[in-house]
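> Dock chain B against chain A, hints included.
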Amino acid sequence: MATVKLPTQLRDAAGGATEAKASGGTVGEVLEALYAEHGELRERISDSDGGLRRFVNVYLRGEDIRFLDGLDTEVGEGDEVTILPAVAGGA
Amino acid sequence: MPADALKCKECQTTYPLEARYVCDRCFGPLEVAYAPLTSTPEELKRRIQAGPHTLWRYADFLPLEGTARSALPTGWTPLVKADRLAARLGLGEVWVKNETANPTHSFKDRVVSVALARAQELGFQTIACASTGNLANAVAAHAAAAGLPAYVLIPADLEEAKILATGAYGANVVAIKGNYDAVNRLCTELAGDRADWAFVNVNVRPYYAEGSKTLGFEVAEQLGWELPDRVVAPVASGSLFTKIARAFEEWIDCGLLTGELPTMNGAQAEGCSPVAQAFAAGTPVCRPVKPDTIAKSLAIGNPADGPYAVELAQKTGGGVDSVNDDEIRAGIRLLAETTGIFTETAGGVTTATLAKLATRGDIDPSERVVLCITGDGLKTIDAVRGTFEVTEIEPRVEAFDAQFAVGAVA
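Those sequence lines, one after another, are chains A and B. Here the first sequence stands for residues 1 to 91, numbered as in my numbering. Here the second sequence stands for residues 1001 to 1410, numbered as in my numbering.
The set of hints was computed from the structure by calculation and includes no laboratory data. Computed from a prediction, not measured in an experiment: that's the story for all the values here. Please note that the accuracy of each hint is not assured.
Taking beta-carbon pairs under 10 Å as the criterion, some of the chain A residues facing chain B (in silico) [claimed, not checked]:
#, residue
1, Lys5
2, Pro7
3, Arg44
4, Arg53
5, Arg54
6, Phe55
7, Tyr59
8, Gly62
9, Asp64
10, Ala86
11, Ala88
12, Gly89
Derived pair list, reagent style DSSO-like, types lysine-lysine, alpha-carbon separation capped at 27 Å [claimed, not checked]:
#, chain 1, residue 1, chain 2, residue 2
13, A, Lys21, A, Lys5
14, B, Lys1009, A, Lys5
15, A, Lys5, B, Lys1290
16, B, Lys1007, B, Lys1315
17, B, Lys1081, B, Lys1356
18, B, Lys1356, B, Lys1290
19, B, Lys1081, B, Lys1045
20, A, Lys5, B, Lys1045
21, B, Lys1009, B, Lys1356
Positions of the beta carbon are idealized from the N, C-alpha and C atoms, including for glycine.
Extracted from the complex, chain B is given alone in its bound form:
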């Protein structure tokens, strides 16, 4: 499906496929628009199935001119049937899309793969980003694999693991004395004056955002070319949340899927919930907030796609909920002990939101639910500190037996 323009989501003005992200006329966000498909669903399906086990199997739906490839293969992460989690929550069918299995352990490898490939097509030689951490890891790694210099701008108070796992790749790590929204503002200013730098989530953002669709494509393909009934996904800027739905829409439109959009449930941390607050107030206008939450990867107080996330939740009969820090920690624990998947705080937010919906009785037991786990617990290891006890003993059998008697079950 060849991309044929960038189009303003607000006023529909079109622009050429260059490094541009905002409409000159109304400041609305630009999105990639595609020419109508000429292939049949059977042909599309054959091409996808013959493709690599990476996100490039969906090249027909991505905005690149040439054959897509990357030095750091990304995507085709497991979709795990989580029967023990479903049973715990009294639900019928729950699947976990395990994005921790990506090269830098979060879904951000998807957006960076597409942004970097397009940036190279456009001739950029330097890659940069504003990040809450996961994006920093992904930009640093993919730039290193491609042999390009990277500049990663992060809030100075980010988790140490995310800072270390960025610098390890040789990226220039710049810690900004301020929150993510301040970092983002600075990058927006810098992007205006450094025309030869590709800021993946600023000036090449329309291409970057398309990468998130591949998560939705994979879910549908892994479910046997079927739609789930409900998707629970985290909301920070709202880009991932809206692009998952866009993926389903594109495949419904081209005949690869039949049915309706799933019920879309967004998950936010209470300490940074501008989108949940807007949803509760029944308005798409998201008033910015100053984030204060352990879910730092979701700590965007001024969400660019917030209005669209609210509209999507409304349109599909879903919602946007928020959970507090204790619920987040419990969510991390619940997912880990029922699925063996250790997620970061953002995944705790998402799992806790699923639990909240289940407790509230919002989910029918007949529903097939997909839970999007976007990042790895090793990146926010502090969140589980003090949540369990370690038994320390002398190196003697009697000492062990005294704690764990033979025949006893822990």
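So that you can see chain A by itself, here it is in the shape it has in the complex:
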């Protein structure tokens, strides 16, 4: 079972929760389990092809999954998956 940390922008779609438990062998499967629990999140996070929306970043144990295997990245028991808006920071 992984813990998915939700950004403020998504909490209303998850009944106000700041995090949720979801199981799955990969990041993609964990997200699917999350959508099964909170249906509204699917449309907010994923695009029409099942990928992530352009401005959604997902981290596994603090590492951007694009440096790992993307949605196919393996998730271990007790891992933390963090969803954050991509748009921040600047120069």
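Coordinates of chain B only, in the frame set by chain A:
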């Protein structure tokens, strides 16, 4: 031009003008949208010219409710005609926008001025930021001038000069064990849970980003209300690069300028070039990278406005290029010895990119080119260490003459 909403750049959903930076529906970035102008270009020009010699002369184009002012005046930096640089590169007309002349020696004073003014209007009492250094200096200084506490989060490996020039203002300096993208991620998480803190480049980012437009406004006004043919500017997150073009667009739309957008050339360091790589691949999708470059102020591996920077370069017939560390050092030297302006590594990137475009023959000699020099060389002093020799002698005339004979020209 009163701001009337925050609008999602992706799906156009609008939101009230509050501390909000991302679209709840699609996570797209929010940008300030303005009501149509009711003034004529002549009236606008008169108001600008009657304004202070700071960025607040452009208040008609900034997202503040009240009269804008700041305790640390910013902007109206020199636009210098760089004939010796142009001659060296075989170009016709080059101007340098010298942003080192701002209060904390970088263009970041602009974005912080606007973010802080808006944060105060919204009632925030604490100012914070994720920074690669220049922003840290600016947030610390402007918060001090306004009498507000500041929290500045930086990567732990930042240049010492930037850390010292932040702590000097009494800011809380927090060094994060990670790169800028890790700092940024942490600030994004913190901003969600500290509703009473204004993170200038996170929760008040739409206002912050508007500050960069004033660089573009100044360039056009200083050129005698004309557009340049080409702009070369650094790209880190892509925000400055895209907002310079937005400034020109707004002034074309309201009749203050006539003509087309300039060719926009972005400059990145090879060791952190996600936007240049995306441009080369012909896609706006910027794959994040782990930065490894001496240009730490541009070391954003996960650029928020990267896709828009690529699209802008494509749309204007420009590009996004990258240069290596040796080219960066040579760029710093080239600018310094032809203009007298000593820039930090980011300016080395920008100057080296101009040189690259010139060498490649991309720039027509008839073009009027503006080079945006965004920060001061004293902040990255290590970059020039070992690039020249100091002659050490005894304090005797003969010793001096032995090295520098009378009549000889160095």
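> Now, for every hint given, state plainly whether the structure supports it.
Hint-by-hint comparison with the structure:
| no. | hint | verdict |
| --- | --- | --- |
| 1 | Lys5 | holds (8 Å) |
| 2 | Pro7 | holds (6 Å) |
| 3 | Arg44 | holds (7 Å) |
| 4 | Arg53 | holds (6 Å) |
| 5 | Arg54 | holds (7 Å) |
| 6 | Phe55 | holds (4 Å) |
| 7 | Tyr59 | holds (7 Å) |
| 8 | Gly62 | holds (7 Å) |
| 9 | Asp64 | holds (6 Å) |
| 10 | Ala86 | holds (6 Å) |
| 11 | Ala88 | holds (5 Å) |
| 12 | Gly89 | holds (4 Å) |
| 13 | A:Lys21 to A:Lys5 | holds (9 Å) |
| 14 | B:Lys1009 to A:Lys5 | holds (26 Å) |
| 15 | A:Lys5 to B:Lys1290 | holds (24 Å) |
| 16 | B:Lys1007 to B:Lys1315 | holds (22 Å) |
| 17 | B:Lys1081 to B:Lys1356 | holds (20 Å) |
| 18 | B:Lys1356 to B:Lys1290 | holds (24 Å) |
| 19 | B:Lys1081 to B:Lys1045 | holds (23 Å) |
| 20 | A:Lys5 to B:Lys1045 | violated (50 Å) |
| 21 | B:Lys1009 to B:Lys1356 | violated (32 Å) |
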